[in-house]
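Chemist: The lines below spell out each chain.
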Amino acid sequence: MIYQLDSLRHTYAGRTVLDIDRLEVRAGEILALVGPSGAGKSTLLRLLNFLETPAAGSITFKGQRITNGQVPLDLRRQITTVFQRPVLQRASVEANAGYGLRLRGIKPDGQVGSILERVGLAEFAQQPARSLSGGEMQRVALARALVIRPAVLLLDEPTANLDPYNVGLIEEIIRGHNAEHGTTAILVTHNIFQARRLAHRTGLMLGGKLVELADTEQFFTAPSDPRTSAFVRGEMVY
Amino acid sequence: MNDILAGFGEALRLIATGDAELFEIIALSLRVSGFALIISVIIGVPLGTLLGLVRVPGRGAITVGLYTGMGLPPVVVGLFVYLMLSRSGPFGPLGWLFTPKAMIVAQTIIALPLVTGLTLTAVQAVDPALRVQVRSLGATALQEAWAVIIEARIGVVAAIVAAFGGIISEVGAVMLVGGNIAGKTRVLTTSIVLNTRQGEFALAIALGVILLALAFIANIALLKLQGKS
Chain A
144 MIYQLDSLRH TYAGRTVLDI DRLEVRAGEI LALVGPSGAG KSTLLRLLNF
194 LETPAAGSIT FKGQRITNGQ VPLDLRRQIT TVFQRPVLQR ASVEANAGYG
244 LRLRGIKPDG QVGSILERVG LAEFAQQPAR SLSGGEMQRV ALARALVIRP
294 AVLLLDEPTA NLDPYNVGLI EEIIRGHNAE HGTTAILVTH NIFQARRLAH
344 RTGLMLGGKL VELADTEQFF TAPSDPRTSA FVRGEMVY
Chain B
2 MNDILAGFGE ALRLIATGDA ELFEIIALSL RVSGFALIIS VIIGVPLGTL
52 LGLVRVPGRG AITVGLYTGM GLPPVVVGLF VYLMLSRSGP FGPLGWLFTP
102 KAMIVAQTII ALPLVTGLTL TAVQAVDPAL RVQVRSLGAT ALQEAWAVII
152 EARIGVVAAI VAAFGGIISE VGAVMLVGGN IAGKTRVLTT SIVLNTRQGE
202 FALAIALGVI LLALAFIANI ALLKLQGKS
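Protein chains in written order, with this note's numbering: chain A, 144 to 381; chain B, 2 to 230.
Hints were generated in silico from the structure; no laboratory data involved.
Where hints are given, some of them may not hold.
[To be verified] A partial selection of chain A residues facing chain B, derived with a Cβ cut-off under 7 Å:
no.	residue
1	T223
2	T224
3	Q227
4	G243
5	R245
6	L246
7	I249
[As the list claims (entries may be wrong)] Chain B stretches covered by chain A per the calculated footprint, using a threshold of three residues with CB under 8 Å from any CB of chain A:
no.	segment
8	125-134
9	141-150
In this text the structure is predicted, and so the values were computed from the model without any measurement.
Every residue gets a Cβ at the ideal spot worked out from N, C-alpha and C, and that includes glycine.
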């Protein structure tokens with residue numbers, strides 16, 4: 144178990160946006176979270192990345208229980224997020240991709256070149272990162288996340304605005320990295336087909352609650368909750 | 002027109018012949034404004050960054066104060082510093098009045114709000130998502146602040162250049178607290194005032210050309226830095 148969430152609650156302006164009694168994330172799995180907008184999926188990712196402190200409850204990460212938002216740096220540095228909108232710095236592709244290593248005081252030893260090859264951007268290494276297309280920038284963001292070999296890779300709708308080629312490429316990289324390095328990945332997506340393609344387990348979130356969590360095939364073919372059935376069929380679920 | 006052309010000619014002659022008095026005036030101008038700028042940058046860039054990144058109590062009032070400070074008339078600053086450093090003032094015993102130290106103090110007070118305020122603006126203009134992304138990659142608080150400063154560097158450099166332009170060309174403050182004493186507190190701007198009053202237009206224009214050249218060089222440097230970015 145890499146994460147264990149107990150009675151996790153979070154609020155914004157007095158409104159409860161997340162209310163999860165219990166959730167366990169297995170080390171090495173790809174877990175997909177689907178659900179309508181405002182269901183609390185992105186909020187959950189921010190809490191898992193320790194970017195915010197929950198209003199109540201605890202997160203246990205790698206056996207260490209975090210209750211007061213005080214997260215040791217070495218623990219925090221094992222998790223990273225690829226956001227829907229890639230935010231790159233005013234620097235080259237190579238500099239952006241290697242940023243996480245520099246934060247950790249690690250001198251790159253070919254890792255940046257390798258990861259840029261992996262994401263198909265080696266030829267753009269010296270180009271200003273912001274001169275790339277949206278899909279290419281997202282691949283830089285993914286390279287930047289993967290080069291630091293995180294234990295957990297959080298993906299917040301990483302392919303939301305991308306063309307099918309980049310979607311396929313990014314999915315292949317995520318799948319490959321998970322298989323090769325055992326990186327745990329938690330993927331938030333509106334694309335239920337993507338969840339079905341990538342995830343070992345899939346969960347449906349509604350109104351801040353985790354309605355159902357099951358092995359992906361079971362989630363899509365024989366869900367236990369009627370709301371999951373309705374969601375998978377494409378019906379609006381509130 | 003003849004005066005202007007004569008002024009250009011005189012400027013070239015003074016520079017080409019290495020006129021000692023001219024170079025002394027230029028050196029003092031750069032020393033005074035340079036020290037004032039360095040002090041303002043050391044205080045103002047971190048302060049502007051802090052105000053831009055952290056919600057400190059009274060940030061609104063501080064910001065209003067900064068923006069007001071950016072518009073302070075130099076002669077008013079000069080008056081204030083004069084009163085503080087005069088014999089009857091609280092810092093009179095320092096003996097700084099009519100010395101370059103007083104001029105540095107006055108120009109620091111002029112430059113500091115500019116550097117701080119424009120740095121604050123530049124930092125606030127950085128995409129807030131960058132901070133979240135950088136934190137997500139494992140940055141400490143200091144690393145996060147540094148990432149923001151780097152991202153805002155064009156604005157920060159513009160703040161520094163604007164402050165330098167403001168203080169190298171001001172005359173009110175340095176005239177009041179420096180006294181325009183030959184060989185001691187005479188800088189480019191006070192020399193221009195003196196020579197104009199004395200009817201030495203060619204020399205005044207020459208000094209004006211040099212002052213413009215310094216401002217021009219500063220802006221070229223800014224453009225080059227922006228281009229590199």
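Chemist: Are 3 or more residues of the segment 141-150 of chain B near chain A, judged by a Cβ distance of less than 8 Å?
Modeler: Since three or more residues must qualify, the claim that chain A covers the segment 141-150 of chain B holds, with 3 doing so at under 8 Å.
Chemist: So, as I understand it, the hint says T224 of chain A touches chain B; can you test that by seeing if any CB pair is closer than 7 Å?
Modeler: 4 Å, holds
Chemist: Can you confirm whether chain A covers the segment 125-134 of chain B, using C-beta to C-beta distances below 8 Å and requiring at least three such residues?
Modeler: holds (count 5)
Chemist: Do the numbers back the hint for G243 of chain A, that is, is its least Cβ distance to chain B under 7 Å?
Modeler: 5 Å, holds
Chemist: Restraint: Q227 of chain A near chain B, CB-CB cut 7 Å. Satisfied or not?
Modeler: 10 Å, violated
Chemist: So, as I understand it, the hint says R245 of chain A touches chain B; can you test that by seeing if any CB pair is closer than 7 Å?
Modeler: Constraint on R245 of chain A not satisfied, violated at 9 Å.
Chemist: Would you settle whether the hint for I249 of chain A is holds or violated, based on the nearest Cβ-Cβ distance to chain B being less than 7 Å?
Modeler: This interface hint is violated because 11 Å lies over the 7 Å limit.
Chemist: Restraint: L246 of chain A near chain B, CB-CB cut 7 Å. Satisfied or not?
Modeler: 5 Å, holds
Chemist: At a threshold of 7 Å, is the proposed contact between T223 of chain A and chain B supported by beta-carbon distances?
Modeler: 5 Å, holds
Figure legend: structure checked against the earlier numbered hints; hints not met, in rising order: 3, 5, 7.
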